[in-house]
Amino acid sequence: MTDDTTTENTTDFRPEARAPRGFADKRARDLRAERAILEAVSAVYERYGFEALDTGAFEYADALGKFLPDSDRPNEGVFALQDDDDQWMALRYDLTAPLARFAAQNWETLAKPFRRYAFGPVWRNEKPGPGRFRQFIQCDADTVGSARPEADAEIIAMAVEGLEAAGLPRGAAVLKINNRKLLNGLLTAAGADSAGQKLAVLRAVDKLDRLGVDGVRLLLGEGRLDESGDFTKGAGLKGKAIDSVLDFVQAGAGGRSATLDNIAKVVAGSAEGDEGLLELSRIDAALTSLGIADDQAFIDPSIVRGLEYYTGAVFEAELLLSTTDEKGNKVSFGSIGGGGRYDDLVARFTGNVTPATGFSFGVSRLAAALRAAGREPGGVARGPVVVITFDQAHMPEYFSVVGQLRAAGIPAEVYLGTSGMKPQMKYADRRNAPAVVMLGGDEIAAGTVTIKDLDAGRMAAEGLADNAAWKAERPGQQTIPRDQLVAAVRKIIGG
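Each residue of the sequence shown is one higher than the one before, starting from 1 at the first, in full-length UniProt numbering.
Read the hints as simulated data drawn from the structure, not as lab findings.
Hints may contain errors.
Claimed, not checked - Below, in silico cross-link-like pairs of lysine-lysine (DSS-like), each with a Cα-Cα straight-line distance of 25 Å or less: (1) LYS207 <-> LYS112; (2) LYS240 <-> LYS207; (3) LYS265 <-> LYS233; (4) LYS265 <-> LYS238; (5) LYS26 <-> LYS207; (6) LYS240 <-> LYS198; (7) LYS265 <-> LYS198; (8) LYS426 <-> LYS26; (9) LYS26 <-> LYS127; (10) LYS198 <-> LYS238; (11) LYS491 <-> LYS452; (12) LYS240 <-> LYS127; (13) LYS233 <-> LYS198.
To be verified - Here are the simulated distance ranges between beta carbons: (14) GLY457 <-> SER419: 18 to 24 Å; (15) GLN135 <-> ASN352: 29 to 35 Å; (16) LYS491 <-> THR418: 29 to 35 Å; (17) ASN352 <-> ARG406: 40 to 46 Å; (18) LYS491 <-> GLY129: 45 to 51 Å; (19) GLU126 <-> ALA195: 21 to 27 Å; (20) GLN135 <-> ARG348: 23 to 29 Å; (21) TYR60 <-> THR109: 17 to 23 Å; (22) VAL380 <-> LEU320: 24 to 30 Å; (23) GLY494 <-> ASP86: 55 to 61 Å.
For glycine and all other residues, C-beta sits at the position ideal for the given N, C-alpha and C.
Between the sequences and the hints, there should be enough to build the whole structure, so can you do that?
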C-alpha cells in the first residue's frame, strides 16, 4: 500500500531557483570579455614560446600541498570527494599544483626547461563575499627547470605584454618586483634568525600601504594597538634592526638601476642579500634588453607575496587606472595578478629541488577592472539580426533569408516565439540586435526585404544622429531587392 500523502507532497515540491553562494552565472557580456582577454594573452604567451596545457579539474587531495586530508573529509579550502577506490580527490585550488604534479609525472619526457601556460576554472571552498567567488577563471604561465634570473625576467616581460594586449594601455598597470632573499638576508644579519620572527616581519611590511611607516615600525617592534583597542603583537626587532628594515622597504627610487644602488647600501655584508641583489640585477638587465622600461616594471622592496611560498624573485601587477563602481564612487582595484620563484614545489613529488617561476592573474577580476575603467573587454556583446515572423505559411522564406545571412558570416535568427510585431521588436532590442528583417506577403511577391536599422534608432535616441546628411546616408528603414540584403546588413553592422 502506497502513501498517497507522501507522493503528493513530493510532486508538489518546488525548489527555490537560486545559485549556490560564491558561484556566479555569466551571460554573453562576461563570457565575451573573458574570451577576448584569454585570446589576446594566449597569443602573447605563445609568441614567447610557451606551450598550452590543460589538466583535469580534479587532483588527488594529497597532491594539493597544504590541503592534505587531516580528517574524514579533506574540506579545508577545497571541494573534495572520495572515489570508489577510497582515495580522496579535490577540485583544483589553483593551476600551479596541477603543473607540479604534471611536471613530476612526465619529467623524463619533457623538453626542459618546461614552459607552459594554462587557463581555466579553479575552485576554493572558502567563505564567499563581495567580489570573492568560490569558482573563478585563472590564467597562469610558468617555467619549470631553470634557475636563471632571466627566466623570471621573461615571465615579467610576458606579463607586461599580456596585460597590455588584454586591454590595459601602457601606464594603466605596472609590474612591481622584489626578491625574498634581500629581506631574509637583512633579517639574518640583524639577528632575526627564527622563521616565526621573519614571518612576522614580512606580515608587517605587507601592511605598509595601509598603516604607513609609523604603523609598520610599531609592528616590527613590540606591537601595535589599533583604533578599536585590539593589540597586534609585533616581530620583536630592536631599534637598529627596525631602521634597517624600514630603510630597505623605502629604498625604491622609481628607476630600477637607482633602486638597486639604494638596496646595495642597505643589504651590504649579507651573503643571502647579495645573492638576491645579483638576481635582481640580472632581471633588470634582461628586462632592459627585452625593451621593458621602468614605467612598465620597476623594483619595489616593499612588495611581499606568498609569505611562506616564494623562494626568490616576487612580482605583483598593480592597476593604476582610476576606476569607479556603478554608483560613480572611486574604486581601487590594486593587485590584479602576481607571481614569483617557487623552487620547492615539484620537490614534494620527486624529493629533488626543481627551480620554477611563474605569473598568474584572475581573468574575471581583470575583466571587471577593465570594465570599471571604461574599457569593455571584447567590445559590446552584439545580438543577431532578427528576422520577424508574420505568417506560419511563410516560414520557408524566413529561413531562406536567415540562411543567406548566416552563409555570409552574419549572426542571424528567425523569431520562433508566438508574439506579434511589437513584442518581436522589443525582443530584438533586448537582444541588442543591429537590425531586423521583415518579409510580408508583398515583399515576398516582389522579391524584396525591408530592413529596420535598430542601431540608427538607438543613436538617434542618444542625440547622436540628428543631422540630415547622416540620415540620408543611413536610413532607419529601407526596402531593397533581396539580392542586396547582405550588403545592406553589412553596412549597418560595419562589416
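Pair hint outcome, LYS426 versus LYS26 [Cα-Cα no greater than 25 Å]: holds (23 Å)
Quick check on a hinted range of 29 to 35 Å for LYS491 and THR418, using CB atoms only. The hint (29 to 35 Å, Cβ to Cβ) holds, given that LYS491 and THR418 are roughly 32 Å apart.
Check whether the Cα positions of LYS26 and LYS207 lie no farther apart than 25 Å. violated (34 Å)
Verdict for TYR60, THR109 (Cβ pair) under range 17 to 23 Å: Holds, since TYR60 and THR109 (Cβ atoms, about 21 Å apart) stay within the stated range.
Sort out whether LYS207 lies within 25 Å of LYS240, counting only the CA atoms. Given that 25 Å is the threshold and the Cα spacing comes to 20 Å, the pair holds.
Taking the beta carbons of VAL380 and LEU320, is their distance inside 24 to 30 Å? Cβ of VAL380 to Cβ of LEU320: about 25 Å, so the range 24 to 30 Å holds.
Holds or violated: LYS240 with LYS127, Cα cutoff 25 Å? This hinted pair is violated, its Cα atoms lying about 41 Å apart.
Kindly confirm whether 23 to 29 Å is satisfied by the beta carbon distance between GLN135 and ARG348. holds (25 Å)
Do the alpha carbons of LYS26 and LYS127 lie within 25 Å of each other, as the hint requires? Roughly 20 Å between the alpha carbons, so the hint for LYS26 and LYS127 holds.
How does the Cβ-Cβ distance of GLN135 and ASN352 compare with 29 to 35 Å: does it lie in that range? Holds: the Cβ-Cβ distance is about 34 Å, inside 29 to 35 Å.
May I ask you to test the hint 18 to 24 Å on the CB atoms belonging to GLY457 and SER419? Check passed, 19 Å falls within 18 to 24 Å.
Does the Cβ-Cβ separation between ASN352 and ARG406 fall within 40 to 46 Å? violated (56 Å)
Of the numbered hints given earlier, the model fails hints 1, 3, 5, 12 and 17; all others are met.
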